[in-house]
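Take these sequences, add in the hints, and give me the full structure.
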Amino acid sequence: MTPPSVWLARLRTAFPTWGFVHDPGRGVWTAVRGRHEFVQARSAIELYTALEGRR
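Going left to right, the sequence shown walks through residues 1 to 55 as the working numbering numbers them.
Calculated from the structure, these hints are not laboratory results. The reader is advised that the hints may include incorrect statements.
Said to hold, decoys possible - Cβ pair distances, simulated, as ranges:
| id | residue 1 | residue 2 | range |
| --- | --- | --- | --- |
| 1 | ARG35 | MET1 | 32 to 42 angstroms |
| 2 | MET1 | HIS36 | 16 to 26 angstroms |
| 3 | VAL6 | GLU52 | 16 to 26 angstroms |
Here a beta-carbon is modelled for each residue, glycine too, at the ideal position from N, C-alpha and C.
As structure tokens, this is what we get:
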């Protein structure tokens, strides 16, 4: 299993205009851009896929 720090680095590289937070207690990955764009997913892979769809 890939550690969250590796996924955070991948997400930050692929989507430099987004900020990312991983909450392991809730099992949620969150991406934020600006004040009004939020995307949440249950895994880093799901979040990556959701952000790819927004390009």
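(message) If I claimed the Cβ atoms of ARG35 and MET1 lie 32 to 42 angstroms apart, would that claim hold in this structure?
(response) holds (33 angstroms)
(message) A range of 16 to 26 angstroms was offered for this pair. Does it hold for the Cβ distance of VAL6 and GLU52?
(response) holds (18 angstroms)
(request) Mind checking the hinted window 16 to 26 angstroms against the Cβ distance between MET1 and HIS36? (result) Violated: the Cβ-Cβ distance is about 33 angstroms, outside 16 to 26 angstroms.
Consistency with the previously given hints fails for number 2 only.
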